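Chain X is fixed; fit chain D onto it per the hints.
Protein chains: 2
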Amino acid sequence: MINIKMQIEYDGSAYNGWQKQKNTAKTLQETLENAIQTTLKESCEVAGSGRTDKGVHAKGQVVTFACRNKPDFPMFLHHLNETLPSDIRVKSVEVVPRGFHARLSATGKTYVYYISAGEDAEVFQRKYTYYIEETLCLEKMRQAAQRLVGTHDFIGFSSLRKEELPENASTIRTISDILIEEEGHRIKITYKGNGFLYNMVRILTGTLIEVGMGKREATSVDAVIIERNRQLAGFTAPPQGLFLWDVNYDKE
Amino acid sequence: MINIKMQIEYDGSAYNGWQKQKNTAKTLQETLENAIQTTLKESCEVAGSGRTDKGVHAKGQVVTFACRNKPDFPMFLHHLNETLPSDIRVKSVEVVPRGFHARLSATGKTYVYYISAGEDAEVFQRKYTYYIEETLCLEKMRQAAQRLVGTHDFIGFSSLRKEELPENASTIRTISDILIEEEGHRIKITYKGNGFLYNMVRILTGTLIEVGMGKREATSVDAVIIERNRQLAGFTAPPQGLFLWDVNYDKE
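Taken in sequence, the protein lines are chains X and D. Going by the working numbering, the residue at position 208 of the first sequence is 305; the numbering climbs one at a time, nothing skipped. Going by the working numbering, the residue at position 43 of the second sequence is 140; the numbering climbs one at a time, nothing skipped.
One chain only, chain X, in its complex shape (with noise of 0.2 Å):
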């Protein structure tokens, strides 16, 4: 068996998730499976770096997956590309060694979420934006994002139950930085860190887009990061305005 890995980007509104389902429901893994299935006539599971929710996108998702024999690699994108429905293009391909998995391995992640703040809903970017009516204050949201930088226990920052953890999973992350540029009309903040909860990326969200519209101080965040306490963070911000941008692998 050879161990493959490729990049895919995918525009999640029509499906149910990254994940695979029992029910009926479609999910973006089973999609690609299946046309993985059609291209190489033989059956394979798919890991993710992670799973995306219900309506988040990914521009850099990382897959892995075992198959019998080394395609050609040229032939097999584009066969797979053809396959695939218009909204999933697998951008590279590649061999990778065999103790190699897309999230086991990784090492580091990427997500960027897109707001739209005080102007009306443009139907083009509607699908991948979150629209609010109200203006946000960025450099209130800068300092609230500077606080959250750094090596935390991020529990009050997911929809993850205290009591449902496994014993001995750790809910401690580091956020290496929390970027937030405007890119045309839209507000683009960009977070890189080690590892997200889950939930996590659109609670900081939702928490920094209150803080922007000064329904909350700069420095509340303290108190959810040191409560561990999802009831003193903001809201969970929409998936639509969810990317999954990157990721990455210390050594391949």
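In case anyone wonders, no lab produced these hints; they're calculated from the structure. Treat the numbers as computed from the prediction; the structure is a model and nothing was measured. Some clues are possibly wrong.
One copy or two, either will do: identical chains are not told apart, so a pair holds if it fits within one copy or between any two.
[What the hints assert, rightly or not] Cut-off 30 Å, straight-line C-alpha distance, at most; resulting in silico cross-link-like pairs (DSSO-like, lysine-lysine):
#, residue 1, residue 2
1, K167, K151
2, K102, K259
3, K188, K285
4, K259, K119
5, K224, K123
6, K138, K167
7, K237, K167
8, K119, K237
9, K138, K156
10, K123, K237
11, K138, K237
12, K237, K312
13, K156, K285
14, K224, K151
Only chain D this time, still in chain X's reference frame:
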């Protein structure tokens, strides 16, 4: 009756073009008329500044329609946009004099065509961009574009059949400008003129693309105008790259 003008934008991907049809295909005009009827409790016929083909988008389509009573505009706009599907949005609404008509009063139009050349298709722009594998020489395309600017008989650049034209119909139009720019990873061609014939922008674009690929000389566009012969022009570029960008009215 009062006369109302609205500016609208839409993603044309899911529609069978602008114009209402007798069969059951979903059109933009019909969808808009139904939403106005739901909002105003009054049936109306909407006139667009022009028809857009299946799959063509609009950033600034203009429509007019008559209704019995002037609605409260902020409320009307809000309810209408709530009623409309998310791929159509009304940007503005105003009362105009009785004689004003979206199509008949128009004195100029701007269309934009987006191309991505020599790059892989990107899932988030696929519905709004024409992807070609070859790279394009923009300089040659600009030389051809300059030869097209002016007042000419453009029937060779349209899908109209000479023998089917009404007796007094003129196929002479004035193109005041064709601007070819790079915008991020895409090439943006902006056409400004006093009016455009059926499929004219798509055939002009197909012809310019052939010039950019080196398949024909920039000077070859002259013969299309002189000979009034569709066979001498380039292919009809596909609809998804095309946007009705703006409509001008000298006096309102």
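Inset, instruction - Hint by hint, work out which the structure violates, then give me just those numbers in ascending order. - result: 1, 2, 7, 8, 10 and 11
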